[in-house]
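Trainee: Sequence:
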Amino acid sequence: MKSPTWMLVLFLFLAAASGCATGPVITADYDRSANFTAYRTFGFASPLGTDAAGYESLVTQTMKAASRREMERRGYMFVETDPDLLVNFNAHLSRQLQVTQAPPMPSMYYGYRGGYYGGWTGYSNQTRIDQYVEGTINIDVIDARQKKLVWEGVAVGRVQPRERDAQRAALDAVITEIFAKYPFRANE
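When you line the sequence shown up against mature numbering (1 follows the signal peptide of the UniProt record, and there is no 0), it's residues -21 to -1, 1 to 167, in that order.
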């Protein structure tokens, strides 16, 4: 039976391309020994990981607003002093390279061979180099009294160039996705 290898190559290409269009990869973990039912209030760590320059950045403002909203949705109350939990976060951008190789797509000219024999073996693989910016966001929830990490959510994905307002909206959306992995509620 003849095997249409070009269809397989096309399928793999389309699967890889559709995989690139997805959002960030989000993971989360928590301390199994922590008593989450005892936590009722939260505040923010000082200084926050995004405030390395000594002042509150626009990224920090966006992340604080989104984190506060998500914690309050889960029944926690924000307090300035002596909270049960501290929320800290960090954001990092890095340039990445992705190098992929694929066999050349068969041209229609060689279609007459119909799978009986291949083209000249001198045709080399096609190499594609893709440069992109990868963003990582970490959100830490810390037991304030014990100074111990009790929950961590991380998002890693490609950052698309956008207008400033769209960047804030995208950052807000990612924080919402990270907190979707937070399985606890206050008073429960």
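In short, the hints are calculated from the structure, not lab data. Treat each hint with caution, since some may be false.
What the hints assert, rightly or not - Only pairs whose alpha carbons sit at most 27 Å apart, straight line, appear in this in silico DSSO-like list of lysine-lysine: (1) LYS126 <-> LYS43; (2) LYS127 <-> LYS160; (3) LYS43 <-> LYS127; (4) LYS160 <-> LYS126.
Trainee: Hints numbered earlier in the text: which of these fail when held up against the supplied structure?
Mentor: none
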